[in-house]
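**Student:** Sequence:
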Amino acid sequence: MNDEVFGLMIVPLSLAIPGVIFFIIGCCLHARFSYKKGGIKTYGELVGFRVFHEYYHPVGRKLKYIFGLPDYTDYQYNAQNSRPIFRFLVNGVPVKWHSDWSVADLDKNSIGKEFPIRYFPTRSGFRVILEGPQYEKQRARGQKMAFWIFASIGIGLFALAVFVTVLYFVVTRK
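Under numbering that gives the first Met the number 0, residues 0 to 173 are what the sequence shown spells out, in order.
Just so you know, these hints were derived from the structure itself, not from any lab. Take the hints with a grain of salt, since some may be wrong.
[Unchecked claim] List of simulated lysine-lysine pairs, DSS-like, C-alpha gap at most 27 Å: (1) LYS112 <-> LYS40; (2) LYS36 <-> LYS107; (3) LYS95 <-> LYS40; (4) LYS143 <-> LYS40; (5) LYS95 <-> LYS107; (6) LYS136 <-> LYS40; (7) LYS136 <-> LYS112; (8) LYS143 <-> LYS36; (9) LYS136 <-> LYS36; (10) LYS112 <-> LYS36; (11) LYS95 <-> LYS112; (12) LYS95 <-> LYS36; (13) LYS143 <-> LYS112; (14) LYS136 <-> LYS95.
These numbers were taken from a predicted model, which means no experiment stands behind them.
Sequences and hints are given; from them, build the entire structure.
**Tutor:** In structure tokens, the structure reads:
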């Protein structure tokens with residue numbers, strides 16, 4: 000009897016464990032994309048837009064890495080899924096870095112203008128975000144979407160595990 004119960008309970012466990020993992024991923028994304036505190040406020044000059052090719056060409060990205068080529072392309076216009084590149088000063092040293100978020104309302108006419116930004120030093124460079132109420136709304140919407148996509152998958156899998164468990168006990172009740 001124990002082997003039979005264990006065999007039938009693997010299905011709910013195989014649903015519940017990924018459900019919890021998806022929910023934890025959603026919470027981590029929520030924390031990763033929250034920019035409420037910290038950072039260094041400054042002004043940055045928009046110098047162009049950067050499109051990351053890892054979204055489009057995963058094989059090409061590996062080949063570019065092997066040959067030592069960068070895996071992004073810089074444009075003078077706001078291409079689809081591109082991120083703005085800002086030039087700003089870090090401890091008196093000019094730095095050119097891309098934003099974490101793509102922004103739809105910047106265009107070719109915005110290049111050369113200064114915008115209020117906030118940057119966070121990281122191991123691999125910086126996390127740069129634009130300051131302003133419209134950009135905060137865009138980030139909040141993206142943050143909520145990232146959280147709820149993963150959290151809803153996790154909650155759905157966990158609910159399905161509970162349903163399968165209840166169904167098992169109802170069907171096997173004598």
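**Student:** Taking the hints in turn, state whether each one holds.
**Tutor:** Hints and how they fare:
no.: 1; hint: LYS112 <-> LYS40; in the structure: 17 Å, holds
no.: 2; hint: LYS36 <-> LYS107; in the structure: 31 Å, violated
no.: 3; hint: LYS95 <-> LYS40; in the structure: 16 Å, holds
no.: 4; hint: LYS143 <-> LYS40; in the structure: 24 Å, holds
no.: 5; hint: LYS95 <-> LYS107; in the structure: 18 Å, holds
no.: 6; hint: LYS136 <-> LYS40; in the structure: 18 Å, holds
no.: 7; hint: LYS136 <-> LYS112; in the structure: 22 Å, holds
no.: 8; hint: LYS143 <-> LYS36; in the structure: 17 Å, holds
no.: 9; hint: LYS136 <-> LYS36; in the structure: 16 Å, holds
no.: 10; hint: LYS112 <-> LYS36; in the structure: 26 Å, holds
no.: 11; hint: LYS95 <-> LYS112; in the structure: 14 Å, holds
no.: 12; hint: LYS95 <-> LYS36; in the structure: 23 Å, holds
no.: 13; hint: LYS143 <-> LYS112; in the structure: 30 Å, violated
no.: 14; hint: LYS136 <-> LYS95; in the structure: 25 Å, holds
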